[in-house]
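Student: Letter by letter, the chains look like this.
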Amino acid sequence: MKVSLKWLSEYTQVPSDVKAFCDRLDLTGTGVEGVETLGESFDGIVAGRVLTCEPHPDSDHMHVVTVDVGAAEPVQIVCGAPNIAADIVVPVACVGAVLPGDFKIKKSKLRGVVSCGMCCSQRELGLGSDHSGIWILPDEVPVGTPMAEVIGSGDTVLDLEITPNRPDCLSVVGMAREVGAMYQQPVEYPLAADVAKLAAVTAGADVAEVVSVTVEDAERCPRYTARVIDNVKVGPSPDWLAERVTAAGGRSINNVVDVTNYILYLYGQPLHAFDADLLADEAGHISVVVRGAAEGEALTTLDGEERTLTEDMTVIATPKRAVALAGVMGGLDTEVTEATRTVLLESADFCNGRTSRTSRNLGLISEASMRYERGVDENMCELVSQAAAALLAEVSGGTVRPGVVDVYGKPAEGRPLTFRIGRFNAMMGAAIPTDFIEDILVRLGCAVEATDDADVLSVLAPTFRPDLEREIDLYEEVLRLWGMDRIAPTLPGGRERVGTRTAEQATLRRVNDVLRASGLNETMTYSFAEPGDVERLRLAPDALGLAVELLNPLNAAMSVMRQSMLPNLLRSVAHNQARGVKNIQLYEIGTVFTAAEGRKKAKERKKLAGVLAGSMADTAWNAPAVPFDFFDGKGVLENLARELALPKVRFRALSAEEAPQLQPGRAAEMMAMGAVIGWVGEVHPLVCDAFDAAPPVVAFELDVSALVKASRPARNYVDVPTFPAVAVDQAFVVDEAVTHEKLSQVMASAGGKLLESAALFDVYRDEERVGAGKKSMAYSLTYRAADRTLTSEEVERAHGKLVDKVQKATGAEVRA
Amino acid sequence: MAIAEELADLRERTLAEIGAAQDSAALEAVRVAVLGKSGTLTGYLRSMGSVPPEERASVGKAVNAARVEVEEALAAAKAAIDAAELTAAIDAAAVDVTLPGRAQQMGTRHLINGIIDEVSDIFMGLGYKVVDGTEIETDYYNFTALNAPADHPSRSMQDTFYIRDLSGDASRVRGESDVLLRTQTSGVQVHTMEDWDLPIYMIAPGKVYRRDVADPSHLPQFHQIEGLVVDRGITFGDLKGTLDYMCKQIFGPERKTRFRAHYFPFTEPSAEVDVSCGICHGEGCRMCKGTGWIEILGCGMVDPNVLSMSGIDPEEYSGFAFGMGVERIACLKYDVPDLRMLLEGDMRFLRQF
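Chains as they are written, first to last, in numbering that gives the first Met the number 0: chain A, 0 to 815; chain B, 0 to 352.
These are computed hints drawn from the structure, not numbers from a lab.
Incorrect hints may have been included.
[As the list claims (entries may be wrong)] Each pair of labels, with its calculated beta carbon distance range: (1) Val813/A / Arg347/B: 50 to 56 Å; (2) Ala713/A / Arg347/B: 35 to 41 Å; (3) Gly482/A / Arg347/B: 45 to 51 Å; (4) Met672/A / Arg347/B: 38 to 44 Å; (5) Arg231/B / Lys196/A: 54 to 60 Å; (6) Arg350/B / Arg711/A: 28 to 34 Å; (7) Met672/A / Arg231/B: 56 to 62 Å; (8) Tyr182/A / Arg231/B: 32 to 38 Å.
Built from N, CA and C at the ideal position, the CB exists for glycine as well.
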């Protein structure tokens, strides 16, 4: 909301240090979003005396004038205004000046004649509505005087952020009250004086004779008042009025509309002026009906838009048709125009919630709707109507009919509250004096009385403060005006608190450490997915369950929640590859979502997923680039298995049917103690294609809760060997179908206690030397006893038994 | 020639050869030729039997003396050659130490999670628990239980992502759905108050969603860290002290904090917290839009309504709550020009942190 300091200072003192004032406003809860000094925008606009004025040779209405603007040479200007003449003083916008509306003055040619500036009307300067001609300034204004000086404005306008709980601050008077409380200084409220002017302009028959008001539903409209002003002359506003409306951020339209806006800015009460003659029936009677709109009812609002209404909306209507959208905007066909003679002035209160919804659903926010949705004080409707009617009659030359039509069901009452001083100070951690508390509450408009208990104040909150509902609301008022900066910082002294991590948090911390140590970079992708992502993974549409659908997605490509981490990670691979980044190592820990029929909240599962493409690093002077393959992904999971002490980890080959997203033969399931943890493999080339990623891409996706469940907090200690080991290298030639896992199992069981480890150090294929469909698997076997040095006979015996069993179990041949 | 002369001659020759030896191989050759199994000097020792008995003592003495002398000379020469060879080997092994080292590449933490870690550690140190919440919430936990008015604009389809409700319940929110992607982590407050025993000291970091089109300063998905304390005797001073401590931990001990009164539906009194601008230190610059302060979080004393709705007696307990945007802190700390970079997975971006 814009507040002119000049205007504000009519009611309470405004500090001369604007910066300090803004800081104080900020700290007490009124955010200052902008500070604008009026007059600044008049740079380059000066008073000039017209020296000569000749008709334009090539136009029947324009003139070519020379103007003395206080410069060495007079300037030549082409002017189209009818009232231009020689020897008058006018505002001249010189070349380079910027007029309101960001209109920049340039040197130009008008019908072949050079024009170096512009003579301005009031409206062109943003100072009023008069556009009938050039603004003729008093003759004594010296040539060359900057316009800012001529107008004598120098006003500062603050753009304030009023929080939604403070409708009372959406007016100059409300801000004056706030500033009075901020600085504990007096405020002069203008309402009584404004109302007092009404008697002088009252004439004619009672308004009730011509107007009747029916409110069909008091919930929609707690109060509706109507007055009638006769014999108005609609025309430009007086300067002071136009200036006020402009300073408050409005636009001067005409004297009647400007009065309604002026009163709105001053008191925060929205008003609407109807052309009463257009409301009246054939008999000259006006029946105003406040009712719910019919579904689909049409109304063209003041802005010229035809609106289609819903039952939730409220309209002001005659028995024949809707004429205004209650609380939001008036109707076009009953608006006040230059032809208007009689005005019906509405001052009412409408339901906050409905106004808010109406304004939002129609995308129509007005000064009125903004106030109604936050809350207008219905107790003030009638008094403000009196002040407005008096002013309207004054500026338009009309007269106000005596009386008012006032439909007001149950008058709003102030809310009685108690204020426990001791509790307040205990809760704030402060010792704020009772005097201060009382003073602030009174300045804010509360009635405060002492009670029998010295610690308790009895407070009556005013109706213009709907936010003061409870004792705590009063605490806030006192605290903010006392100053939060005056409260000493302390730390809570609670005894029963300990910081702990959940098992999942502790495990994920280790997971993150392992993945980083394995060279992977953590990323984040959208939780949104594109419908069809599951199919792009070559999975059946329902393979991952039902997708969670958004009712109002930002766009179709983000209209469901992800069911797998892989699609968006593959998109990140593509993003990098498209930018020439070849080496990609990414991982993400995030949530996947599954809906289910009959279920309100979808199931959320945390997943850990990673993608590897390219290699860990480019070829270096001392290390070759090794392209990623299946085993790099598996290696990451083996690191995890070690660090999380996962028991009995197995990798089982996944078939094409089991894992269609992966390349068959390079796909495995990770298990611990028989429980599935997740999968790892090379992404199927067709899946890579679907996401524009260049294969090969190695990927894995693990279920975090399975990982947490399987992880062990610590590993068991095993004695460090004290006796020497004997190493024997042994190669087995086996069929391709015999896996490393199978060989390891047989060796482990055959080697018994003496076999400490069997490390695979070579896999060799050669049709001639090893045979077709066969491979040579070479192991380094380590034999050791915990309690003695093994003799060579013992080792030979054990090794012989091992080789024998491997041959029997796998059909292996021993390779020399 | 008498043996004594032969020995003297052999001694002279051997010492000369030792002196002439250039490397350990040459020296070894000399040693073998003289002292080896069939070495010249060894030959004398072996042939002592053929020396007349009366000369044996003197010849033996002379042979031994020659041997000792040769062995010492050999040892001295070996030490000198070894030292020279080591020096040569070291010289030859010198590398350009400015060449890059050899290491397993370390991965990086996403900067948003890095900040969440940092904040979590600070609050763990203050005795807070770190709580996770779900990303899908009901209207009740996201709005109603947090005192948000039924018609609040943030509840609209414009601002909040709603989810198709498959429960078959009649939806209660303006014919829409009452299941949504949480717009704030504040719902975790309510769950915590409902589910936990008092006192509560917790923070809840997490992902939240708002219906904003992604642009350099907005994302439809971002992160918040919510904090909640409920205990006996919690004061506004405690709130100030806690957040002041946190800001100094994150931004540096020289930074100041400022509490500005504000409005939030679920706290009362409420405040916004500014931290003094790290660029201009309060003088006013472009970073802080000339104010000297940068807004970083919202906070307040827990509204008694919110406590009551969770079954906590506001006359007995009080508390404070705060919420901050993690992306905002990231931008302040790292000057990230475009928030969308946080979600692109660009290696060149991620590996900076």
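Student: Hints first: check each against the structure and report whether it holds.
Tutor: Going through the hints against the structure:
1. The hinted range of 50 to 56 Å is satisfied by valine 813/A and arginine 347/B, whose Cβ atoms lie roughly 53 Å apart.
2. For the pair alanine 713/A and arginine 347/B, the beta carbons lie near 39 Å from each other, so the given range of 35 to 41 Å is met.
3. Range check, glycine 482/A to arginine 347/B: about 48 Å between beta-carbon atoms, so the 45 to 51 Å window is met.
4. Take methionine 672/A and arginine 347/B: their Cβ atoms lie about 41 Å apart, and the range 38 to 44 Å holds.
5. Distance hint for arginine 231/B and lysine 196/A: a CB-CB separation of about 58 Å, consistent with the stated range 54 to 60 Å.
6. The hinted range of 28 to 34 Å is satisfied by arginine 350/B and arginine 711/A, whose Cβ atoms lie roughly 32 Å apart.
7. The hint said 56 to 62 Å for the Cβ distance between methionine 672/A and arginine 231/B, and at roughly 46 Å that hint is violated.
8. The hinted window of 32 to 38 Å between tyrosine 182/A and arginine 231/B holds, with their beta carbons roughly 36 Å apart.
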